[in-house]
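Kindly generate the complete structure, drawing on both the sequences and the hints.
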Amino acid sequence: MRSSRDEPSQQAPATPGASTTDRAPGSGRGGRSARILGGGTEPDPRFTLANERTFLAWIRTALALLAGGVAVEAFTTDTFAQPVRTGLAVVLLLLAMVLAVAAGVRWLAVERAMRQQAPLPLSILVPVLAGGGALVAAAFLVVVLGNA
Amino acid sequence: MQPERTTLAWNRTMLALVVAGVLLLRWVPRHGWFPLGLTLLTAATALVITAGQARRYRRSARGIRDGRIDADVAGVLGTTVAVALLGALALVVVVALPLR
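As they're listed, the protein sequences go chains A and B.
Going left to right, the first sequence walks through residues 311 to 458 as this note's numbering numbers them.
Going left to right, the second sequence walks through residues 68 to 167 as this note's numbering numbers them.
Just so you know, these hints were derived from the structure itself, not from any lab.
Note that CB positions come from ideal geometry on N, CA and C, so glycine has one too.
Heads up, some of the hints might be wrong.
Unchecked claim - Over the 10 Å line for every Cβ pair with chain A, so calculated as not near, a few chain B residues:
#1 Pro70
#2 Thr73
#3 Ala83
#4 Leu103
#5 Gly104
#6 Leu107
#7 Leu108
#8 Ala110
#9 Val115
#10 Gly119
#11 Gln120
Claimed, not checked - Pair ranges (Cβ atoms, derived):
#12 A/Pro431 - B/Val95: 39 to 45 Å
#13 A/Pro429 - B/Leu92: 44 to 50 Å
#14 A/Gln427 - B/Gly99: 51 to 57 Å
To be verified - Chain B is faced by these chain A residues, among others (derived, beta-carbon under 7 Å):
#15 Ala372
#16 Leu376
#17 Ala384
#18 Asp388
#19 Val400
#20 Leu403
#21 Met407
#22 Ala410
#23 Trp417
#24 Glu421
This is how it looks when you write it as structure tokens:
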């Protein structure tokens with residue numbers, strides 16, 4: 311069970327399930343997870359958890375945008391013309407999808423970088439959200455002013 | 068504290084999923100079973116997250132003590148796929164399903 315393997319996943323940690331001190335390489339984590347994360351050494355566990363929380367914060371942002379898109383489409387039938395509703399909903403939903411995927415990609419990139427003690431990658435998430443949010447807000451403004 | 072914060076973050080995410088799922092019910096009178104299926108998808112994802120909370124907390128607490136934690140690859144990538152899929156299917160509702 312503790313036979314070491316001659317591959318980068320050597321450093322893959324054991325699931326702290328079998329025994330708390332079991333650190334046999336690759337004994338707990340599936341080979342797939344180890345391969346996805348790449349080699350390197352385990353980062354400080356607090357960093358791993360912080361990375362996970364950051365991912366979750368982005369996912370919640372994506373879910374909020376998704377809910378916004380659904381709400382715009384479903385609740386503004388009396389306020390906005392149908393093409394406006396559809397357009398705004400499509401933009402919000404697309405933004406939600408992009409953010410969700412980018413959040414997962416970024417989590418993985420950060421996780422890998424931490425394992426290699428490499429600098430953390432820059433995120434495209436912030437400019438995407440800022441740009442997309444500004445775009446949607448501007449569109450809303452134009453539509454609302456046009457209605458008035 | 069770190070495991071607690073992370074577990075709470077998963078909890079908030081689960082609640083956001085439920086809210087989005089309930090909101091999708093607004094489409095049911097107009098589009099029928101398809102949005103209902105989306106609500107079920109969010110409910111299923113929320114259930115999976117909730118079911119894993121105790122295990123997640125134990126794992127993190129033990130990890131902090133032992134100085135190493137297995138990154139939750141399945142949890143993170145699974146959530147990513149679920150939310151992206153939800154967005155894609157919601158787009159299908161908006162763009163492709165007939166309006167009344």
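Taking the numbered hints from earlier one at a time, note which ones the structure violates and give those numbers from smallest to largest.
-> 1, 2, 3, 18
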